[in-house]
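Undergrad: Counting from 4, one number per residue, gives the positions in the sequence shown under this note's numbering.
Since the hints were derived computationally from the structure, they do not count as laboratory data. Don't take every hint at face value.
Said to hold, decoys possible - With a Cα cut of at most 25 Å, we get these calculated PhoX-like pairs of lysine-lysine:
(1) 150 / 14
(2) 79 / 106
(3) 79 / 124
(4) 14 / 79
(5) 14 / 106
(6) 106 / 150
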Amino acid sequence: MLTPENFLQVKANAVLRSELTILDAPAPARLAPYALSYLGEIEQDHAFADSRIVLMFNPAGDPSWNATTRIVLFVKSEVEDELAEEPLILEIGWQWLTETLEKFDAHPLDLSGTVTRTSSKGYGSIDEHSPSSIEIRASWSAVDELKLANHLTAWSEVVCLTAGLSGLEPGVTQLRSKSK
Numbered sequence: 004m005l006t007p008e009n010f011l012q013v014k015a016n017a018v019l020r021s022e023l024t025i026l027d028a029p030a031p032a033r034l035a036p037y038a039l040s041y042l043g044e045i046e047q048d049h050a051f052a053d054s055r056i057v058l059m060f061n062p063a064g065d066p067s068w069n070a071t072t073r074i075v076l077f078v079k080s081e082v083e084d085e086l087a088e089e090p091l092i093l094e095i096g097w098q099w100l101t102e103t104l105e106k107f108d109a110h111p112l113d114l115s116g117t118v119t120r121t122s123s124k125g126y127g128s129i130d131e132h133s134p135s136s137i138e139i140r141a142s143w144s145a146v147d148e149l150k151l152a153n154h155l156t157a158w159s160e161v162v163c164l165t166a167g168l169s170g171l172e173p174g175v176t177q178l179r180s181k182s183k
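Start from the sequences and build out the full structure, keeping to the hints where you can.
TA: Structure below.
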């Protein structure tokens with residue numbers, strides 16, 4: 004059974020990608036008795052993404068969650084124009100999320116969300132940088148509340164995948180990232 008103390012230590016038990024800079028963020032105070040929120044950012048030469056994840060815990064449970072925990076995720080990444088124009092990019096984005104949750108044994112309950120692509124065209128002095136992006140918004144409950152760290156690990160992987168970084172291969176050990 005998940006306790007408030009265990010919940011508040013979930014980040015310490017997650018294996019987070021080193022490419023991801025993670026900051027603690029204010030968590031919503033009215034949605035659950037306990038909540039954690041993190042901002043994640045990747046800013047490398049050819050990879051950019053920013054993200055937020057909120058983990059909520061109500062020991063009494065919440066009927067709308069069908070569980071005691073709820074996870075809310077937002078990821079936005081710049082993507083190459085060719086990828087943004089790919090007809091299946093929306094399905095691919097959702098697949099990144101579902102496969103990553105499965106890969107890290109982070110089984111979701113009542114998973115729902117959206118994948119959005121945006122493209123823009125700059126003119127004049129901003130013609131050269133007209134970024135396209137993909138956004139993934141999702142929420143779900145954890146089937147196994149004791150594996151919340153796995154959901155946080157999966158989040159860090161999804162952010163990296165959407166930014167175009169390679170996924171971790173099974174058997175490859177990722178060192179825990181330093182948070183700011």
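Undergrad: Now tell me if each hint is right for this structure.
TA: Taking the hints in turn, this is what the structure says about them:
Using a Cα cut-off of 25 Å, the hinted pair residue 150 and residue 14 holds, with the two alpha carbons roughly 11 Å apart. Proximity of residue 79 to residue 106 is assessed by CA-CA distance (about 21 Å); at most 25 Å being required, the pair is judged to hold. At roughly 18 Å between alpha-carbon atoms, residue 79 and residue 124 fall within 25 Å of each other, so this suggested pair holds. With a CA separation close to 21 Å, the supplied pair residue 14 and residue 79 stays within the 25 Å bound.
For the proposed pair residue 14 and residue 106, the alpha carbon gap of about 18 Å is at most 25 Å, so the pair holds. Proximity of residue 106 to residue 150 is assessed by CA-CA distance (about 13 Å); at most 25 Å being required, the pair is judged to hold.
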